[in-house]
Structure formats: C-alpha cells, structure tokens
Amino acid sequence: MTMPPASAPPAPAATFFERRFDLTARGTTLRTEALAGTTTFLTMAYIVLVNPAILGQAGMPVAGVAAATCFAAAFASILMGFAANVPLALAPGMGLNAYFSFTVVQQMGVPWPIALGCVFLSGVAFLLLTLVGVRQMIVAAIPRHLFAAVAGGIGLFIGFIGLKNAGIVVGSEATAVTLGNMRAPGPLLALFGLLLIGALSIRRVRGAMLIGILVTTMVGWLFGMVTVSPEPYSLAALTETAFQLDLPGVFGLTGSHGLGLFEILFVFLFVDLFDNIGTLVAVTKRAGLMDADGRIPRLNRILLTDAAATMVGAVAGTSTVTSYVESAAGVQAGGRTGLTAVVTGVLFLLAMFVAPYAALVPLAATAPALILVGALMMVPLAEIEWEDPSIALPAFLTVAMIPLTFSIANGLAFGITAHAALKLARGRIARSDALLFVLAALFVIRFAYLAAG
Numbered sequence: 108m109t110m111p112p113a114s115a116p117p118a119p120a121a122t123f124f125e126r127r128f129d130l131t132a133r134g135t136t137l138r139t140e141a142l143a144g145t146t147t148f149l150t151m152a153y154i155v156l157v158n159p160a161i162l163g164q165a166g167m168p169v170a171g172v173a174a175a176t177c178f179a180a181a182f183a184s185i186l187m188g189f190a191a192n193v194p195l196a197l198a199p200g201m202g203l204n205a206y207f208s209f210t211v212v213q214q215m216g217v218p219w220p221i222a223l224g225c226v227f228l229s230g231v232a233f234l235l236l237t238l239v240g241v242r243q244m245i246v247a248a249i250p251r252h253l254f255a256a257v258a259g260g261i262g263l264f265i266g267f268i269g270l271k272n273a274g275i276v277v278g279s280e281a282t283a284v285t286l287g288n289m290r291a292p293g294p295l296l297a298l299f300g301l302l303l304i305g306a307l308s309i310r311r312v313r314g315a316m317l318i319g320i321l322v323t324t325m326v327g328w329l330f331g332m333v334t335v336s337p338e339p340y341s342l343a344a345l346t347e348t349a350f351q352l353d354l355p356g357v358f359g360l361t362g363s364h365g366l367g368l369f370e371i372l373f374v375f376l377f378v379d380l381f382d383n384i385g386t387l388v389a390v391t392k393r394a395g396l397m398d399a400d401g402r403i404p405r406l407n408r409i410l411l412t413d414a415a416a417t418m419v420g421a422v423a424g425t426s427t428v429t430s431y432v433e434s435a436a437g438v439q440a441g442g443r444t445g446l447t448a449v450v451t452g453v454l455f456l457l458a459m460f461v462a463p464y465a466a467l468v469p470l471a472a473t474a475p476a477l478i479l480v481g482a483l484m485m486v487p488l489a490e491i492e493w494e495d496p497s498i499a500l501p502a503f504l505t506v507a508m509i510p511l512t513f514s515i516a517n518g519l520a521f522g523i524t525a526h527a528a529l530k531l532a533r534g535r536i537a538r539s540d541a542l543l544f545v546l547a548a549l550f551v552i553r554f555a556y557l558a559a560g
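The numbering used here puts the first residue of the sequence shown at 108, with every later residue one more than the last.
Each hint should be verified, as a subset may be incorrect.
Listed next, with one range per pair, are the computed distances between beta-carbon atoms [what the hints assert, rightly or not]:
hint : residue 1 : residue 2 : range
1    : Arg-311   : Ala-132   : 15 to 25 Å
2    : Leu-342   : Ile-552   : 25 to 35 Å
3    : Arg-251   : Val-461   : 21 to 31 Å
4    : Phe-460   : Ser-308   : 48 to 58 Å
5    : Val-312   : Arg-127   : 23 to 33 Å
6    : Ser-497   : Leu-467   : 49 to 59 Å
7    : Phe-460   : Ala-548   : 20 to 30 Å
8    : Leu-238   : Thr-131   : 46 to 56 Å
9    : Val-231   : Gln-164   : 22 to 32 Å
Keep in mind that the hints were calculated from the coordinates and are not lab data. For every residue, glycine included, the Cβ atom is placed at its ideal position computed from N, Cα and C.
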C-alpha cells in the first residue's frame with residue numbers, strides 16, 4: 108500500500124506570525140497583512156516630508172526631524188502591532204506639530220528643546236492616566252451611537268483630505284471651499300487613480316489600493332507630474348534632535364510662561380487623548396475588532412503603547428506621536444491584525460535611509476485611496492437611530508464638526524456636550540452618567556478658553 112506523501116510543514120516564519128498575530132482566527136493571511144501595511148505606509152508617508160517642514164519653522168534641524176519622524180513612527184507602529192495586535196499605525200500628529208511650532212515656540216517664545224520636554228511630560232501624563240484607568244473610563248463613557256458617528260465623521264475627514272490633496276477641492280474666500288481646476292495635472296491624476304482603484308476594488312482584486320497607488324505614481328512620473336529635488340541626508344542627522352529635550356528647562360519656566368506651561372500640557376493631553384480615542388474607535392470598528400457591546404479588546408495595551416510612543420518621540424526629537432486615521436486605508440485593504448502595523452513600522456524604519464525621497468509618491472497618487480476609504484467608512488452611520496432627536500443631534504454634530512474643523516477632538520467635543528445637554532433637558536440622568544457630564548463640562552471650559560484666546 109502506497110502511503111500518500113506527507114504535506115510539507117509550514118515555514119517557521121509563517122508559523123510564528125500565525126501564532127503571534129492569530130491570522131487565521133481573524134480571517135487574514137501573511138500576504139494580505141503585508142499589502143495592508145504597505146498601503147497604510149503609502150497613505151502616511153507624507154508625514155516624513157510635512158513634519159520636518161513644520162517643525163523646521165520652529166528652528167529645529169530639518170534633517171534631524173525627518174530622521175526622528177521615521178524612527179518615532181517605526182517604533183510606535185511596531186510596538187502597537189506586537190503589544191496590542193491591532194492594525195493601528197502611529198506617527199507624529201498633524202495639528203499638534205503645528206501647535207508645537209507656531210504657538211508654543213514662535214508665539215510663546217519657548218525654546219524647542221523645552222517644548223520637547225513638554226511633549227515628554229504629556230506622554231508621562233498619558234501613561235499615568237492609563238495606569239489608573241482614567242482613559243479607559245473615558246472610552247467607556249462615550250455613548251455607543253457616537254462611536255458610529257465618529258467613524259462616519261472620520262470617513263468624511265479622510266475623504267476631504269484626499270479631495271484636498273488631489274486639488275479637486277480648494278480654498279475659496281467667498282465660499283470657504285470650491286471646485287479646483289479639473290484640467291490641472293493633480294486632479295486629473297487623482298481621478299485616474301480613483302477610477303483605477305474603484306475598478307480593481309469592485310472586481311475584488313487583492314491589493315487594489317496598493318496597485319492603484321503604484322500605477323498612479325508611475326503615470327505621474329511618465330507625464331512629468333512628479334518633480335523631486337532631494338537634499339543631502341544622513342542617518343547621523345538623528346543626533347541633531349535626539350536627546351535634545353530639556354526637562355529642567357520645563358520646570359524652570361517662569362513669568363509669562365508660568366500659566367503657559369499648564370496650557371501647553373493641557374493642549375497636548377486633551378487633543379491627543381480625544382484624537383486617539385476617535386481614531387481608535389473608527390479603525391477597530393471598521394476592522395470588525397469591536398465587540399457587540401462596543402468594547403475594544405486590549406484597550407489598555409493600546410493606550411499604554413500610545414503613551415510610550417509620545418515619550419520616545421520626544422526623546423528622538425519630534426512632537427506628539429498619535430494614531431493615524433490613514434490606518435483605515437490598510438484596514439480597507441484587508442489588514443486585521445497587528446502585523447499590518449508592524450509592516451508599516453518596518454517601512455518607516457527603512458524610510459530613515461531615504462527620507463527625502465518620500466516625495467516620489469505624489470499626494471495625487473495617495474489621494475484616491477483616502478477618498479475611497481472615506482466613502483466606505485460611511486457604513487456605521489446606518490446604525491444610528493436618526494429618527495430620535497436625542498441621538499440624531501449629537502451624532503450629526505460629531506459627524507459634521509470633524510471634517511469642518513479638521514479635528515477629531517472637536518467633533519467628539521460637540522457630540523459629547525450635546526448628548527449631555529439633551530440628557531439634562533430630558534431629566535434622564537443616572538449615576539453612571541457622572542463622567543459624561545464631567546467631560547462635557549471640560550469641553551465647555553475648553554471652548555470658552557479657546558474663545559478667550
């Protein structure tokens with residue numbers, strides 16, 4: 108009797124990844140996770156150029172910030188993948204880097220090494236709040252219907268960023284925004300990419316977004332739409348910003364900086380906290396990782412990773428590191444585990460060697476992926492009971508204010524405050540709503556403070 112040949116055992120690497128990231132249990136494969144991680148990286152790669160440009164205006168060495176940006180994103184994303192096993196990538200956050208450069212350093216006159224010290228202390232505060240359970244309590248206090256609204260609002264936000272990056276939507280003094288020049292190279296290239304990715308997606312082609320981005324980039328090169336003049340760059344540039352933070356200088360801030368120190372720490376804490384919560388909710392919901400009760404698995408590990416990432420980023424020489432909404436692009440490409448984040452992190456690590464060449468992938472090539480992801484993230488809005496005004500109004504404000512103010516934190520602020528106010532108006536207040544009303548009060552104080560500023 109002839110015995111059938113024994114099947115070859117799985118490769119050790121495949122066995123490790125399967126065991127470490129639960130690939131089969133989450134309905135994914137090694138190849139899919141690699142494609143998803145690459146897709147996320149390509150949609151985030153702009154930060155390698157934009158972050159140094161913004162922080163450079165604060166007097167920081169541009170090459171050093173470029174290296175620090177890559178290192179911080181690599182460390183944070185890889186740690187998130189291994190520690191929390193979620194497809195969530197991190198990098199220095201947009202908005203907070205502008206606040207760091209234009210407000211803290213230029214307007215308030217705080218030297219950038221001291222400002223980095225403030226970022227580090229905000230990371231310590233994140234860590235402490237997580238360890239005592241405050242951040243987890245905040246996530247639990249957010250009403251479930253606002254989770255769906257945040258996901259939809261971030262979808263609009265991502266789509267709007269894509270349309271803006273493509274030049275399809277541009278600024279206007281008369282109407283705030285208007286249609287761009289549709290005969291310009293950028294919009295034409297983006298529309299080509301959007302049609303290509305859409306066609307590949309409806310045909311269920313694996314890696315549709317990645318293929319679309321790469322093909323659109325090549326078309327841009329062929330027609331001369333991409334011009335790059337990279338500056339000389341070396342990994343030694345990292346030493347220009349690494350370990351340059353000045354913690355003693357933070358505690359030595361006096362005079363006009365006394366209250367300013369509290370303001371700086373508060374803004375870094377507040378914006379990063381709620382941007383992270385919003386992004387986390389949207390990405391995990393889209394990935395199908397959130398349970399039926401709206402709980403996020405391994406939440407504590409996710410939040411601890413975020414805190415560690417901010418501290419390491421400050422030591423490397425960059426502003427606050429935060430979760431990126433562009434992670435949703437990788438999720439849409441099939442990413443379901445932390446391996447997606449690990450792949451993204453490894454690519455950021457490799458980008459340290461060629462940071463200035465990130466501009467070879469134009470914004471018009473990644474914009475179509477963001478537009479499609481934004482469209483597909485509208486799905487959770489169907490879960491909201493729009494017929495109930497007590498649910499519809501907070502949900503609508505959340506959805507609308509995220510893209511219109513370019514801030515996930517602002518969207519959550521309006522949604523939570525409206526939800527609490529309507530609860531108060533109806534007289535339906537429970538003891539479990541205490542934290543909700545505390546959050547609403549803090550948001551009102553924040554709005555008053557911003558108006559006074």
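Tested hints:
1. Arg-311 x Ala-132: 15 to 25 Å: At 22 Å between Cβs, range holds.
2. Leu-342 x Ile-552: 25 to 35 Å: violated (44 Å)
3. Arg-251 x Val-461: 21 to 31 Å: Cβ of Arg-251 to Cβ of Val-461: about 44 Å, so the range 21 to 31 Å is violated.
4. Phe-460 x Ser-308: 48 to 58 Å: violated (32 Å)
5. Val-312 x Arg-127: 23 to 33 Å: holds (28 Å)
6. Ser-497 x Leu-467: 49 to 59 Å: holds (50 Å)
7. Phe-460 x Ala-548: 20 to 30 Å: Given a distance of about 49 Å, which is not inside 20 to 30 Å, the answer is violated.
8. Leu-238 x Thr-131: 46 to 56 Å: Since Leu-238 and Thr-131 have Cβ atoms about 33 Å apart, the given range 46 to 56 Å is violated.
9. Val-231 x Gln-164: 22 to 32 Å: Holds - the Cβ-Cβ distance for Val-231 and Gln-164, about 27 Å, lies within 22 to 32 Å.
Taken one by one, the earlier hints fail for this structure at numbers 2, 3, 4, 7 and 8, listed in ascending order.
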